[in-house]
Amino acid sequence: MRAAVAVVLAAVTAAAIGWSTLMFTTMRAGERPALTTWIAVAWVLFALAVLALRRVPARAVAAVVLAGSALIGAAGLLAPPNTSNDSARYAWDGIVQKAGISPYDHPPASDALDDLRPEWLFPAPTSVGSGADGEISCPGYRYDGVRSVDDGDPLCTALNRPTVLTIYPPVAEAYFVVVRLFVPPEAEYLPMQIGGLVLSLGVTAGLIAALRRRGMDARWAALWGWCPLVATDAVNNAHVDVLGAALAVLGTLLISRGHRVWGGIALGASIATKLIPVIVAPPLIRRRPVAVIVAAVLTFGAVYIPAVIASGPQVLGYLPGYLKEEGYEDGSRFALLSLVLPGSWTLPVAAVILAGVAVLCVLRTDPTRPWMTQVVLVGMTLLIVSPRYAWYALLLVPFIALSRRWEWFAVVLALSARSLIPSLTVSRVALAIAAVVLIAAWLIRRRRRASPTLAPAPGSAPTSTLEAAP
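Numbering (this note's numbering), first residue to last: 260 to 729.
Worth flagging that the hints you see were computed from the coordinates, not collected in a lab.
Just so you know, not all the hints are guaranteed correct.
[Stated by the list, open to error] Computed spacing ranges between beta-carbons, pair by pair: (1) Pro607 <-> Gly388: 43 to 51 Å; (2) Val436 <-> Glu585: 21 to 29 Å; (3) Ile612 <-> Leu534: 18 to 26 Å; (4) Ala614 <-> Val437: 34 to 42 Å; (5) Ala699 <-> Gly399: 42 to 50 Å.
All C-beta atoms in this analysis are idealised placements derived from N, C-alpha and C, irrespective of residue type, glycine included.
With these hints in hand, go ahead and build the complete structure from the sequences.
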């Protein structure tokens with residue numbers, strides 16, 4: 260009966276996510292408020308479900324957490340992506356590679372790839388205006404009109420930025436082609452979504468095993484497995500960030516157990532998936548750094564060098580343009596820092612702050628528990644850099660579970676708010692609230708450590724929700 264309450268709440272969480280996935284999308288005008296409301300409901304239900312796990316008998320915890328993860332994750336499979344079209348590019352890159360062509364050689368709108376275009380990614384325009392700049396009308400809200408980069412032919416496409424080269428690193432590209440290898444070009448979004456579900460469940464299982472091995476409560480794995488962000492962005496939107504997070508966690512767990520070479524290989528592969536996992540690295544070099552660094556660098560080089568030989572500097576793809584587009588070049592992207600600093604100052608100040616945080620994390624890291632500082636470094640990076648997209652927080656969530664520092668969900672929620680409500684004011688308010696939550700949690704923990712009357716006795720059960728939850 261006690262397990263049933265948690266399972267029911269997990270099922271209701273899945274229902275809320277499934278409903279939001281089926282009924283709403285940011286790609287249609289006017290649906291953001293309803294989608295935001297349902298995602299908020301899912302987050303509340305997630306919190307209640309995790310709290311209900313406290314009453315589940317220890318022997319049933321792993322099964323309940325895995326079942327809930329599968330149920331909530333599967334809710335993301337019910338409809339095509341509803342807040343991002345990135346997985347359309349993943350599918351296209353996989354289709355191109357399957358044909359033996361490097362995704363770094365031609366943009367999707369190149370005439371050289373005409374014969375590879377499936378109807379679901381490149382439908383025929385419904386009408387084309389006269390002249391070279393005539394308006395292109397496309398069938399449905401998922402498609403935009405564009406001109407081919409060679410002869411200016413009108414195209415409709417589900418891909419974003421179809422006139423530029425891919426931005427994704429080689430390990431991500433390898434994942435795309437593996438997923439598409441066993442399906443026909445006509446298979447739409449579902450293969451990438453299933454890949455995201457498999458990876459997310461793998462992370463859940465890995466967290467359960469790691470927590471148990473260290474004598475910690477496996478319930479904490481639900482912070483990843485039952486998290487609405489995982490269902491929406493790792494599964495429904497199928498972001499490749501879930502692969503980067505999975506490899507980063509694998510590398511962390513291996514290095515924490517003394518397997519530095521294998522851990523370095525996993526770390527290098529994670530960085531060659533999305534680059535951003537490099538921010539988990541500093542705490543991992545606290546002890547015997549050479550083995551980790553050499554293994555990671557050699558792995559990164561081993562996957563990049565063949566791509567560079569084949570395509571030259573084009574392997575960078577649209578990365579420089581993306582950084583400029585997102586406002587990192589002129590400093591406008593740093594939502595909190597830009598409140599108090601001129602735009603030209605925000606980038607160097609952010610770099611100094613994050614370098615200082617990284618150094619402190621390295622110095623304070625327990626090599627057997629590097630996630631205690633990794634959660635700080637990843638969370639602070641997201642707080643200061645303030646990306647527009649919530650899926651970057653997929654890298655943070657597993658370290659919240661390992662460290663049991665639930666307060667870092669404030670950063671995840673802040674990025675989710677900005678992703679659903681595209682407003683700089685919303686971003687600043689949400690990030691400021693997150694900063695207040697983090698400071699408050701730090702002060703509470705510091706007070707508990709300093710006060711013998713508040714700190715639990717060694718070996719005793721925790722007495723507060725901060726220490727005991729879930």
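Tested hints:
1. Range check, Pro607 to Gly388: about 47 Å between beta-carbon atoms, so the 43 to 51 Å window is met.
2. At about 27 Å, the CB distance of Val436 to Glu585 agrees with the hint of 21 to 29 Å.
3. Checked against the given bound of 18 to 26 Å, the beta carbons of Ile612 and Leu534, roughly 20 Å apart, stay inside it.
4. Under the hint 34 to 42 Å, the C-beta atoms of Ala614 and Val437, about 36 Å apart, fit the expected range.
5. For Ala699 paired with Gly399, a C-beta distance near 46 Å keeps the hint of 42 to 50 Å intact.
Figure legend: structure checked against the earlier numbered hints; every hint is met.
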